[in-house]
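Sequences are here, hints too, so could you generate the full structure?
Listed in order, the protein sequences are those of chains A and B. Heads up: the first sequence runs through residues 563 to 857, numbered per our numbering. Heads up: the second sequence runs through residues 563 to 857, numbered per our numbering.
Hints should not be assumed to be uniformly reliable.
Which copy is meant is left open, because identical chains are indistinguishable; a pair holds if it fits in one copy or across any two.
Unchecked claim - Once the Cα atoms are required to be at most 25 Å apart in a straight line, the calculated DMTMM-like pairs of lysine to aspartate or glutamate come out as: (1) Lys583 - Glu790; (2) Lys808 - Asp669; (3) Lys608 - Glu627; (4) Lys808 - Glu774; (5) Lys808 - Glu597; (6) Lys808 - Glu575.
Note that these hints are calculated values from the structure, not bench results.
There are 2 protein chains.
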Amino acid sequence: MQRLESALAVAAEAVNRTLDKLVPPVTGAERRVVEAMRYALMGGGKRIRPFLVLNSARLFDVPEEGARRTAAAIEMVHSYSLVHDDLPAMDNADLRRGRPSVHRQFDEATAILAGDGLLTQAFEVLAAPETHADPLVRAELALALARAAGAAGMVGGQMIDLEAQHATLDLEAITRLQRMKTGAIIGFSCEAGAILASAPAAARLALQLYAEDLGLAFQIADDLLDVEGSEAETGKPVGADAAAGKATFVSILGAERARAQAELLVAQAAAHLDLFEQRAELLRQVARFVIDRRT
Amino acid sequence: MQRLESALAVAAEAVNRTLDKLVPPVTGAERRVVEAMRYALMGGGKRIRPFLVLNSARLFDVPEEGARRTAAAIEMVHSYSLVHDDLPAMDNADLRRGRPSVHRQFDEATAILAGDGLLTQAFEVLAAPETHADPLVRAELALALARAAGAAGMVGGQMIDLEAQHATLDLEAITRLQRMKTGAIIGFSCEAGAILASAPAAARLALQLYAEDLGLAFQIADDLLDVEGSEAETGKPVGADAAAGKATFVSILGAERARAQAELLVAQAAAHLDLFEQRAELLRQVARFVIDRRT
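Here you go:
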């Protein structure tokens, strides 16, 4: 896994540099919201989604600059969702990756606006000529991101998650929730390479199927970490889901079956990449990494 | 003005139908956020921005369907901004156009998500092939909207507005604030017709200059209504800005000079449309309407 770990670090470094360039500090009276956007973006994290974009793009030899910008746009959307999810009216989280959440570091109004600004800028980045010379590719990227992030995707998933505190979800309902809340953006991250390359439908479908399995495995791993991880490793209180009475893959399946299911999904995910042969090796490895991680 | 009033009503009706079609109710577990999005969209309002889109598009004989979708996208962004601005952490408004604001009718978390969903869907609408056959036009629409709505536009303007409660702004600072907070989206509404038509640069510039003057006139009229309007007409408490100690065009210039300035801006706005001759008559009239309105 050494090669994967260094590939993850290289991808994180590349996307951090791109984000720093795309969201420079400003001196105008609006600088507070830009500071909050930068704070939200620069909080670290594994940058799994950017890694997926960069490595799906590499399957097709897409130019790096466009792939990096697309990766940065997706990280903007991911960051905005964390900023808004952390708000007092939502998950009311004081900490995020061991630092004060944006509304604790700044204030609630600034956090709401910073999230809005990040979401908006993601579309600015994708629609700009610097991302791809072909306007059809830019329009497709913006369209696919909007579908993944909107009420039929991430926003809808977060709504269901909030409602789930007053309801008991079964396995089907939780699967749908997670496909929307986290799966849709992971799916777009993997598809982005194919869109950037105007790749044939078969390649696009393979990446979609890979992403679907990967997304569920990722979520099951998260649920397992919530019951088995240590606070020092995850930076989050242990057992938060159970304490909140939330149904998760683990509460429904039990830890053992959940882990078996995650293993199965990772194997399936890897198999979907067969047509890319050895070129997809890092994508196969990251699927395994996602369920083996301790944070 | 009878022709203008019926044209405004027709435009509002057209955009309402388009919005109803673009955001249909859903039956899934996420339905609450979609209900809140529809509630936010269907609260009435004068639909000035959609009117500007439809009538700027008509200068160039752009097909109606694309213009209506673009108008709907802008109204989604306008509605999202009202939903988030009304939140307790921002302006803490219980009422909006005489009805409970979204977070009062639903709850805060749903209001945050509904705003996020509306902002996201605006880009989905613009980037979709149904809006225009040419992908370059779709990418340009998405790019221009993102620039107008983001931290260098509306979001930044709202940040400055919030900060202004702890500072005394001068005329230059207020002008910049309003250009960003309301002017940028009004500007995009007017430019959208030219983008949809791939119109020559001179036409696009004329609409930009018109929009700039219109936007400031609009804001001065708002400030005048805040001191001179009646609560029954505006649906807002009278003198709210003064009570909050906010600097406005009226607090700095006085009502008389502010009104004179608005008159001047309306005349200037109309003059920018000279190259369109009689075709721009409704756009000239709406500039006058904006400063004569009582609500």
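Evaluated hints:
no. : hint            : result
1   : Lys583 - Glu790 : neither (38 Å within a copy, 46 Å between copies)
2   : Lys808 - Asp669 : between (28 Å within a copy, 20 Å between copies)
3   : Lys608 - Glu627 : within (20 Å within a copy, 43 Å between copies)
4   : Lys808 - Glu774 : within (23 Å within a copy, 50 Å between copies)
5   : Lys808 - Glu597 : between (34 Å within a copy, 24 Å between copies)
6   : Lys808 - Glu575 : neither (35 Å within a copy, 43 Å between copies)
In the structure shown, a violation is registered for the earlier hints numbered 1 and 6, in ascending order.
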